[in-house]
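> So the chains spell out like this:
There are 2 protein chains.
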Amino acid sequence: MAVYTDVTAEDLSAHLTRYDIGELLSFKGIAEGVENSNFLVHTTAGSFILTLYEKRVDPADLPFFIGLMEHLSARGLTCPQPVKMTSGEALGELAGRPAAIVTFLEGLWIRRPQVHHCAAVGRALADLHLAGEGFALTRRNALSVGGWRPLYERARDRADTVATALGATIAEELEHCERHWPQGLPTGVIHADLFNDNVFFLKDRLSGLIDFYFACNDILAYDLAICLNAWCFSADYEFDFAKGSAMIAAYQAVRPLDGAERAALPLLCRGSALRFLLTRLVDWLNVPPGAVVTPKDPLEYFKKLRFHRKVVSATEYGLS
Amino acid sequence: MAVYTDVTAEDLSAHLTRYDIGELLSFKGIAEGVENSNFLVHTTAGSFILTLYEKRVDPADLPFFIGLMEHLSARGLTCPQPVKMTSGEALGELAGRPAAIVTFLEGLWIRRPQVHHCAAVGRALADLHLAGEGFALTRRNALSVGGWRPLYERARDRADTVATALGATIAEELEHCERHWPQGLPTGVIHADLFNDNVFFLKDRLSGLIDFYFACNDILAYDLAICLNAWCFSADYEFDFAKGSAMIAAYQAVRPLDGAERAALPLLCRGSALRFLLTRLVDWLNVPPGAVVTPKDPLEYFKKLRFHRKVVSATEYGLS
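For the protein sequence lines, the chains are A and B, in the order given. Per the numbering used here, the very first residue in the first sequence carries number -10; after that it's consecutive. Per the numbering used here, the very first residue in the second sequence carries number -10; after that it's consecutive.
For reference, chain A alone in the conformation it holds in the complex (with noise of 0.2 Å):
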């Protein structure tokens, strides 16, 4: 949640007329992202969001992330559109940084969702699905199972300084999830992000998608199994089946899980609750000293990984 990179009025004007959007009227640097200096720009045209690619972000992954939203909004979702330069190209350079120029989409995210969100989430995340089919670029998922270990090992001395036998848990559950991660299921592009800070609604009604930034390659029902996870538990983080089962049925109007999808939606589950304990135990354990953002909390994905752990069928998630 930061401005990393310094953008001046004149440089901004010189680099607008690289493309045609009009006239520079004002821009703000906004607080989020946590990776990327983002901007909120408003010219004659409109309203766009400029983008510099801090050191983070793997310069060679960013075709692969403008392709993408071009392609998934030339196919009708609601997503950030890249801008292209007159040149043709849409990824260009301002302050010594990778840039990028998207429409701005308004809308609002959600803290509380209701059950109405949870089931407009289930329908955008198949649509999105089936307009990825097609794209032409790949990005491998670092964050799926082959991923967890080294995180795993990042974190294990300390885990127990977080909760009681936190470590032993995660290494049964990365032993559990190595051994059974389902092999041959339907895959195609994912999110892989999709929480509530990257859906916005205008009066109840889905505006749009945002921050493809962890997007890739993937088996298709795990995104699924994020968003169970990111929209269907409720504030003390008791799994809720009526958000369950309305984004489980709204995925499916779209896209139906076939046998093996729908067998395999419980271990899903489990391994992407296993994901972000794991993403947010070690961004826990690792603050540095004097840092102004607070590292999200690990113990919500322990709760619910504890609930994933008891499910013997997909249906307690409503899958009908």
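What the hints contain is simulated information worked out from the structure, not anything from laboratory work. Keep in mind it's a predicted model, so treat the numbers as computed, not measured. Where is the CB? At the ideal position from N, CA and C, for every residue including glycine. Some clues are possibly wrong.
[Said to hold, decoys possible] Pulled from the structure, derived: some chain B residues nowhere near chain A, Cβ distances all over 10 Å:
no., residue
1, 17
2, 48
3, 94
[Said to hold, decoys possible] Residues on chain B that point at chain A, a partial pick, calculated with CB under 8 Å:
no., residue
4, 15
5, 18
6, 19
7, 20
8, 29
9, 95
10, 96
11, 98
12, 100
13, 191
We have chain A already, so just place chain B on it with the hints.
Relative to chain A, chain B alone:
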């Protein structure tokens, strides 16, 4: 440069029902304002700035700041205009903080001002001084000459760690200003912080003045001295006579300086350089561990102060 208070879409939507500015479309925390939390808000009626006043602002000062923006904009000055609730009040409460919504001004601040920018600032400053007449509330300037010695005392012991003989120079200047500070000059509402980032331009036309949170009642010509310091030095802190004379001439075209003001200008310039040297020095010596904000360099104002100490007559600033 931060957002200190978290605001939810649900809470802001509810808050906006107290106003007649349409439906909430989006809002983003913006990386501006050292003291307060600011959000750029889009509604169906346009763009607005929402400010939550944080602990460093004295709530007793808020009626002055908000009333002043109302007073000035009613008199045609282009500054943020507080939006009133249907109750008639402009100051509300949101997320446990005093909160105000003001109109959003398009515009860009200039890093490398030219002579014509300095002229525009001189004219706008005089406009502000005239528009401020008749404003009923008053606020004393805690950072005028009487407020400098306590700052000096906080910095004295470590001043020479920043520059050789800095402490002794400040002591001399302080003594000089306290002894000779002009009495009886015309006073009124001054902006007191009209730096580059508080003045917006669109296509070389001054489009607005912002950030009235240092505004107070003080010597009007002291405000001009602050602007001469902020706008009319080169990047290596040499006084730029062309800029200074353009600013003073443009100011005088609207509000001519009287004889006493003209005579006092060199001392007012010394004083205002000392004021910013002192506040920057205190900030510089008191950076909290792990802070992300880099304090502004106090030596910039030490160099400017050394220039002013050699000035004999206001004609050296371009006063004709």
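> State for each hint whether it applies.
Outcome of the hint check:
Some Cβ of chain A comes within 10 Å of the Cβ of residue 17/B; the nearest lies about 4 Å off, and the non-interface call is violated. With a closest Cβ-Cβ approach of about 24 Å to chain A, residue 48/B is found to remain outside the 10 Å limit, as its non-interface label requires. Not every CB of chain A lies more than 10 Å from the CB of residue 94/B, the least distance being 8 Å, so the non-interface label is violated. Satisfaction of the interface hint for residue 15/B is found here, the shortest Cβ-Cβ separation to chain A being roughly 5 Å, below the 8 Å cut-off.
Restraint check, residue 18/B versus chain A: the minimum CB separation of about 4 Å is within 8 Å; hint holds. With a least beta-carbon distance of about 4 Å to chain A, the hint placing residue 19/B at the interface is held under the 8 Å criterion. Checking residue 20/B against chain A by beta carbon gives a least distance of about 4 Å; that is within 8 Å, so the hint holds. Here the hint on residue 29/B is kept, as its CB sits about 6 Å from the closest CB of chain A, short of 8 Å.
Among the interface hints, the one on residue 95/B holds; its C-beta lies about 4 Å from the nearest C-beta in chain A, closer than the 8 Å criterion. Look at residue 96/B: its Cβ gets to within about 6 Å of chain A, closer than 8 Å, so that hint holds up. Given hint, residue 98/B at the interface with chain A, holds; its Cβ is 6 Å from that chain's nearest Cβ, closer than 8 Å. The restraint placing residue 100/B at the interface with chain A holds, with a minimum CB-CB distance near 5 Å, inside the 8 Å limit.
At a threshold of 8 Å, the smallest CB-CB gap from residue 191/B to chain A is about 7 Å, leaving the interface hint in force.
Comparing the model with each earlier hint shows violations of hints 1 and 3; every other hint is respected.
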